[in-house]
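Chains S and P, in that order, give the protein sequences. If you count by numbering that gives the first Met the number 0, then the first sequence holds residues 0 to 129, one letter each, in order. If you count by numbering that gives the first Met the number 0, then the second sequence holds residues 0 to 449, one letter each, in order.
Just so you know, the hints here were simulated from the structure itself, not pulled from any lab data. Treat the hints with care, as some may be off.
[Unchecked claim] The following label-pair restraints were derived from C-beta to C-beta distances:
no., chain 1, residue 1, chain 2, residue 2, range
1, P, LYS201, S, GLY72, 34 to 42 Å
2, P, ALA283, S, ALA83, 26 to 34 Å
3, S, GLU91, P, ASP360, 49 to 57 Å
4, P, ALA268, S, ALA87, 21 to 29 Å
5, S, GLY127, P, GLU223, 49 to 57 Å
6, S, ALA87, P, GLU175, 56 to 64 Å
7, P, PRO205, S, ARG68, 18 to 26 Å
[What the hints assert, rightly or not] One side of the interface only, derived from the structure: several residues of chain S facing chain P at Cβ under 8 Å:
no., residue
8, LEU64
9, GLY71
10, GLU90
11, GLY100
12, PRO106
[Claimed, not checked] Stretches of chain P that chain S covers, calculated by requiring three or more beta carbons in the stretch to come under 8 Å of a beta carbon on chain S:
no., region
13, 28-41
14, 142-153
Glycine included, C-beta positions come from ideal geometry on N, C-alpha and C.
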Amino acid sequence: MSRPGLLSLTALLLLAACTQEANDSAAAGPSTTVTEASMPDTPPAPGTGELTPLNMEQWARSCALCHVRGEGGAPVLGDAAAWAPRLAQGEEMLLNHTVEGLNNMPPLGYCMDCESGDFVALIRFMGGSR
Amino acid sequence: MINRRQFLAASSLAAFYGSGSPAFGQSGSLPWRNWSGGLRADPAGRIAPASEAELAAALRSTNGSLRPVGSGHSFSPLVPTDGHLVILDRLGGLRDHDNDAFTATFGAGTRLSEVGRALFEIGQAPLNLPDIDRQTLAGAISTGTHGTGLTLHSLSGDVTALRLMTVDGSVLEITEASDADLFKAACVSVGALGIFTEITLKTRAPYRLKAINRAQRTEDALAEFEARAEQHRHFELFPLTHSDFSLVLSIDETEEPVNNPPLSPEEEAAFGEAMRSWMAIPPAERRPLINGLAEQIAPSESIDAAHRILSNVRSNRFNEMEYAVPREVGAQCLREVLDTIAREEIDVVFPLEYRYVRGDDLWLSMDEGGDRAAISVHRTAMEDYRPLFDAVEPIFWKYGGRPHWGKIHSLGYAELKALYPRFDDFCDLRRSLDPDGRLLNDHLRRLFNA
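For reference, chain S alone in the conformation it holds in the complex (with noise of 0.2 Å):
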């Protein structure tokens, strides 16, 4: 199997474990947030991030539409070389870039809950600097 058969099949199989963490973690208690100023004071340091259960069901929901396949030329989960000049920008200015949009991406990302601790948590998480 070629490398990029590979990555799409580790992608969608974790795309359908993720959705299956999300479906458990529903039951767990209320995820209702109310937010009124979102933004940390310092976002988490890179290589510390974790995804929590809500990252994993907004990836599937969100990132996952468009970072499985590439649609629009998006980078692709877990390709190191597609990610590498990205994550070289530093985290502030991809988190930038996620909340503004940027060329094919759409501002959020299609995740209209997430806060920027998620963002940047997803972006680790995409990018293989988790």
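Got chain S sorted already, so can you dock chain P onto it with the hints?
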């Protein structure tokens, strides 16, 4: 040779945004922007419930204005608020289904891509779908979003039941049998009556569709449009500006095996180059070039499960104006729009879209009262849409057009009241369900004279 799918995939050139604006709004909460990037809001906060109980608690514990948001695909300012955004993302997924009655109930925040996939997995299929699959079901229903087909309603017309939470946190279970007026008002209601939590759709057994694309002279296509719209399950044109050609799409049911290979990046890029070459020359000089290219477009076919043919991703972002005019004047209106773009040398390469939608009886449906011809004009997200939209909008008015609620238009209460027989009834109902106007923003106040 190129085909229509390549053309459409590349017809909105990549939008390039700078990164100069700050990521965080004045309120300290993340700012909101719509899909195209043209609308922005700095909400005081965001409510993201995972259940009706959480939504009710949040509505009761907040003050000020509220606006629901789906996936942000509306180009009209339905969402922007300085109050709280009510995010439906966590109210998604298939909730219930009946394979005998062919109905399925979804959480209101379910994306259309998930609707098609989930129905397929349980042995059902949508009757029709809009052509973009990223919207949420609630957003699509709320704005009267539609697909194509003379025998097929907008998605709102396929709704059989709704759960609507009003601003006081109470839930209304709405069907046509329980309250026909409320049902017909709620099925297209731009988030002005309450927050949808569940939506039940009429469905059918799974089926496969065969799409055939080709290029044809626009006048020839319009001459046979009525016959072909009645002959095919779906039939539409994508007229090419500053040319004599349209891309023509017909879709019908088939038993043939699946054959739907994705476009390669190289195929998309090749046609993008052609589009860029058109933009490099003045609009008045493009006709021979585009006509020559259109004559090279080979017919193409794709066959797949219905939801995969009907609805897909649009990666390249754009802004859009769409009006629905009475079916009998559709072709005349389209000709005038194309002639105006050519005569005024408006610099647009994005194809138009022309299609029929079946009439219905929903109060604020664009198709209320009879079949309509929907005509769409687009600009890429990086372009100023005003020269094009300002030039063509009066043409739509001249033909009695009704604007798509989620797309750019400049109409207000007085004009809308004249277009919709039950408009004042809707305004009265809105006031009764939301007497303090918590679900209004500036745009909705203008629409509903509030």
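Which earlier hints turn out false for this structure, listed by number in ascending order? 2, 10, 14
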